[in-house]
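Q: Residue numbers (the numbering used here), protein chains in the order written: chain A, 1 to 255; chain B, 1001 to 1255; chain C, 2001 to 2259; chain D, 3001 to 3259; chain E, 4001 to 4306.
Note that these hints are calculated values from the structure, not bench results.
No experiment lies behind these values; they were computed from the predicted model shown.
It is possible that part of the hints are untrue.
EDC-like mimics (lysine to aspartate or glutamate), calculated; alpha carbons at most 20 Å apart, straight line [unchecked claim]: (1) C/2150 to D/3247; (2) E/4011 to E/4044; (3) B/1016 to A/134; (4) B/1175 to B/1120; (5) C/2248 to C/2012; (6) B/1240 to A/243; (7) A/16 to A/55; (8) A/175 to B/1251; (9) D/3007 to C/2095; (10) A/240 to B/1243; (11) A/16 to B/1128; (12) C/2150 to B/1134; (13) D/3034 to E/4178; (14) E/4251 to D/3223; (15) D/3150 to A/134; (16) D/3207 to E/4244; (17) A/240 to B/1196; (18) B/1175 to A/60; (19) B/1016 to A/128; (20) C/2034 to E/4079; (21) B/1240 to A/196; (22) E/4241 to D/3053; (23) A/28 to A/60; (24) D/3207 to E/4044; (25) D/3034 to E/4158; (26) E/4177 to D/3223; (27) B/1016 to A/126; (28) D/3150 to C/2153; (29) C/2150 to D/3153; (30) A/240 to B/1235; (31) B/1240 to A/235; (32) D/3248 to C/2153; (33) D/3096 to C/2247; (34) C/2007 to D/3095; (35) C/2248 to D/3095; (36) C/2248 to D/3153; (37) A/175 to A/154; (38) A/16 to B/1134; (39) B/1175 to A/246; (40) A/16 to B/1126.
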Amino acid sequence: MISINDLSYSFDPQRKYSVLSELSMKVKHGEFVSVIGPSGCGKSTLFKIIAGLSEPTNGDIIWQEASSTATTRLGNIAYMPQQDLLLPWRTVLDNCLLPWEVTQNRSKAETISMIREMLERFGLAEVEQAYPNELSGGMRQRIAFLRTLVTGAELMLLDEPFGALDAITKREMHKWLTGLWDGLAKTVLFITHDLEEAILLSDRIYLMSGSQSKAPMQEFIVDLPRPRHSAMNYDPRFLKLREDLERRLYDTHTS
Amino acid sequence: MISINDLSYSFDPQRKYSVLSELSMKVKHGEFVSVIGPSGCGKSTLFKIIAGLSEPTNGDIIWQEASSTATTRLGNIAYMPQQDLLLPWRTVLDNCLLPWEVTQNRSKAETISMIREMLERFGLAEVEQAYPNELSGGMRQRIAFLRTLVTGAELMLLDEPFGALDAITKREMHKWLTGLWDGLAKTVLFITHDLEEAILLSDRIYLMSGSQSKAPMQEFIVDLPRPRHSAMNYDPRFLKLREDLERRLYDTHTS
Amino acid sequence: MILTPLKRYLRDYGLALLLLLFLLVCWETVVRLKWIPSFILPAPTSIWNALVENRRLLFGQHLPATLQEVIMGFILSVVLGSLLGTGMHLSRRLEKALYPFIIISQTIPLIALSPIFIFWFGYSLAGKVAVVFLTAFFPVVVGSFDGLRKGGEGYRELLLTMGANRWHLLTKIQIPLALPSFFSGLKLSIVYCVIGATIGEWLGGSKGLGYFSRRMAGNLQSDEMFAAVFLLSALGLVLFLILVLLEKILFMKRGSSNS
Amino acid sequence: MILTPLKRYLRDYGLALLLLLFLLVCWETVVRLKWIPSFILPAPTSIWNALVENRRLLFGQHLPATLQEVIMGFILSVVLGSLLGTGMHLSRRLEKALYPFIIISQTIPLIALSPIFIFWFGYSLAGKVAVVFLTAFFPVVVGSFDGLRKGGEGYRELLLTMGANRWHLLTKIQIPLALPSFFSGLKLSIVYCVIGATIGEWLGGSKGLGYFSRRMAGNLQSDEMFAAVFLLSALGLVLFLILVLLEKILFMKRGSSNS
Amino acid sequence: SAGKSKQPLQKLTLMLDWYPNAVHSLFYAAESQGFFAEEGLDVEIRMPADGNDGLKLVAANQIDLALSYQPQVLMARAEQIPVQSIAAIVRHPLNHLLIPAEGAVQRPKDLMGKSIGYSSIPLYEAMVKTMIKNDGGDPQSANLIDVGFDLIPAISTDKVDAIMGGFINHEALILAKEGHPVTSIHPTDYGVPDYYELVLVASEQGLKNNNTYLKKFMTAITKGQQYVQEHPDEALSILLKHEDATSPLDKDIEQQSLQILLPLMDAGDQTFGYQDPESWENVHQWLIENQLLHTDVKTEEAFINL
Ligand SMILES: Nc1ncnc2c1ncn2[C@@H]1O[C@H](COP(=O)(O)OP(=O)(O)OP(=O)(O)O)[C@@H](O)[C@H]1O
Ligand SMILES: Nc1ncnc2c1ncn2[C@@H]1O[C@H](COP(=O)(O)OP(=O)(O)OP(=O)(O)O)[C@@H](O)[C@H]1O
Ligand SMILES: [Mg+2]
Ligand SMILES: [Mg+2]
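Let's have the full structure, built from the sequences with the hints guiding it.
A: Structure, rendered in structure tokens:
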């Protein structure tokens, strides 16, 4: 689906200090891959680059079997930003309609009924006509997630989509997301700080180190059988994996 | 410290639909109390009321041994909102100086050196002169947290202060916060979705149900010895508590 | 229940009315006591009398003429002004190329240009509308241009990832963000339209409140002149209030930004 | 390295310069071919000649006089205008009480009031500054008033929990949020100051570019008149550019809002 | 050449009818030749913003003297503006009907169905109508357009067929110079009474309080006018030099203008500035006929020969 080779990125034009340096990773079609790493290590920046919002300073991104530039990717990859970025002057429904307004890839009625269905599923049916400032943080986040789904793109970049949700609501969303992912041919790249979430959902997890000296990306394979469900939390294999992952994370952070 | 009796609140002036209804809770001086509950159940609304930003529709808040109105509390309780609300036109340092500018309760030099020290501690020394839009989500959150500390108020309301932090950074912050809380006579009221975090830090946990029919607030006592540390995660008592809490939460949600 | 809105109005406008009354009384007194000669500043009562006496001429003939110029000039200002502002926002080159000319158009005293206007437009309505446009389009340009510049970087990027083109960005993000600033421009503009119409009528013509006021000035009939000036002010006020109302309706429907 | 900024300037202003040159050539041609009589619109070259011939008078006497009025009027407009805007923002009553008067002050044709001005201010500098103020303060009021109204509800609440009073809210949140809108007002205002000075000089006086242009207009000495008008425009342009620069410097230092 | 005087000079303010030009030479001559100083006067000369500013400001005692037009004084009095004319400076109309020299229009009657530009003053409208009517035409069929300040552009670009409000010593000369020669039709030939184009006015109050100074002023400007008559070239260069300091005048135009003006300012046997009661009465009658006076005016109160 997408493969990133030796990517570097620097915000400052003199390129003295790089946020990302010589980073490589690969996501196969239909895979669910999580990215975890310390705060400020460049996860969101990486997503922005993949989405095509910034051109990397160095390196190559192979997308749809060819070397690609930011412009070719921009608009073809669904991106859920870390801040919800709901338009404050639009109701929930109109916010969700935004991707459709841009792409017009379906009939409007169809899109609305699809959105209504999802709102129902996410427990947000009642707030369809509310404005974002009348919503709680978690509600906003779910709507931003919903909006990302409406784009219908095959590759989805989700930047901490469930960070502001309580355990139970989050579980609902996980169920829904895995269902979606199983049913449709979606590829998901997922940033999270919740290790259990990462293990529960992912095929593979990338650990970003955030420091220049160490290997910038480490791969961690989650070899749990699918379908998975949240009760697995207390499964010893799951706990083992979690402990492993935590150690790996801790190692990259300190040593 | 503060005790809330039969508090109700409704956004809509006809008071048809209440967000909070007949809710009671109590926080003692020097306690660390967490509030957990499903997304949209009214946690942030409760905090806003306690902070004095909204007047409850019904009920009484006893503060400093007397029945109080919103105006008496406003300005005397530190509040960290769920969105970071950093002023985009101010550097990190200037954002942190904001509470001082309002209260002027110390010398400026003293405040700055205190902020610098905390920035260092939080791994943010380098971004002192950066603007908020140049920071990652987790960095912004830490700065909003720091800014809340600068107010110096005795009672602190923290609305998901570490929600956007990775496990390791979060652990650092926990260490720091418990240290602060042990050393100084601070009282903390804490919203989180991370059950482990709640157990690790709290003396007591309130579970908010979010539905009108059930008891709106349930108390959950965390009888783990202090000092606590993050390695406790795998301690069987800890795991037991967590499982308990999760069940309680699940029960209030479904039954 | 019936009293509440009345009370609110009284609270809001009570001070305004009191101030107005107080000023009118002062004014009347000052003139009556001959501290200011009435031929320089006539008393409010004389102005009112002149207004009533000339009501048919004023309301029947001159007010409609001026109103027409104002409305046409305003529409032109809004349309061309926002097009200019948007164009300048979209192209840095256009901005650099046009801004100087726009500013020049504002610093040239219209009276100096009046012969050119007469040369081009004669004494037609078009000439007057052109003068109104020249007096009133600048705030619309600045309002829309400055409004469109307003950040919204995050929203922009989000839309780009959805495959938005320039047009989408403009209509979905930038225009909604620009609206408050645009409305500031409109409010200034409508007020300037009134003065623009007055100037336009001075440059030549045979009707309109500006024409009437000048004619009465030439005839040394201050009462009548001030009656026309009063109507001009009232016109400006009413048009301004209509815009404010429109603004309120528009922004009431919108959820307000939280930050 | 040295070429880059030059190139940038050429890219940005190249079109403007070309357009200017093109227009000048057209203009010159049209006049030379007598499609427009030169006493209505003189050729650029004649204007330039008139400018050079009268340079001592224009630069030595009239320009400084006008500049002084403009600067003083602008300062007054900014100070009083922003005070009015802020006051109206802070008190709904004050808003309702003052807005009508402010609008009326904008719709009254100043020329019609010339005797009153002379009656009150005589031929002093004060009278001219008052006219400049009257022409130019309105955009400042609207800019600051509309700017201060801008949301920022979240920030406001945050500051309130820190114990902020009204003054803190105003200085720490509302003024920073209002700055872009305020600057839109200032940019309009400075341009109107120039035209205000011209009007002020018409109402009475014996120097300044407005005075000079009027005198020359009466005499149909169009070359000289347009030379003065040219200087007025140049003045407006320069002052406007200074403000734009100031705005840029101010907002460059500020991190821009993300949403 | 200032006159020696022990007493401090009395300040007087004079507001012109328009910007300084040849017609005002007498004032500048009186000043530069020291005639004012000899009379113990210090005269400050002002320009108006608008045609009637002078009348109003004199009446309000903001200034001492103003130049205005004879009919305007009567109209002012009808509006309870207490001004009085104290001298006739230009004794005949300068304001003629101007028509393109070689056009279809040759006489007022030809203006039926045509458009005529006039400069904002209803008085001029009345003059045109009187002329058309007197010439046997129907004044209602003429289309009168207020062209404000822009008389010259209006006629030179053929937007109107004639203008009223242009002076023979100014607009007519400029039009000729710019290649648009015009014929001037004297209003008195077509039923408009011969009137004083320019009169000097003071307020009733001023006449009471400052009578002696006003007389002295008259003495000084009489000398000034005499000087202008005897030394027109010098007088003109005094004016031009004065004006060069702020806004230079066109020398040719002013020279021709002065030549036209001098005979029209000459009072003949009478002293300079003398006003004939009959002239005032004629103008009064004509104004009444044309409904330009809204209240009754006593002619004898409108002027005074000092
Ligand atoms: N616009 C910018 N200009 C300069 N530096 C920036 C900018 N945006 C981000 N950075 C820096 O780049 C680094 C990585 O930021 P990024 O947002 O990618 O982190 P992240 O991994 O998403 O962290 P978090 O988990 O806290 O969201 C940070 O150190 C941040 O300070
Ligand atoms: N300004 C408002 N107007 C109307 N309703 C509001 C407003 N703010 C919040 N609400 C509603 O109040 C309820 C509680 O919101 P609140 O923000 O307190 O939830 P929360 O418990 O903090 O949730 P989360 O965990 O998602 O942040 C929600 O249903 C929300 O829709
Ligand atoms: Mg991030
Ligand atoms: Mg919340």
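Q: To test your reading of the hints: which numbers does this structure violate?
A: Result: hint 18 breaks, nothing else.
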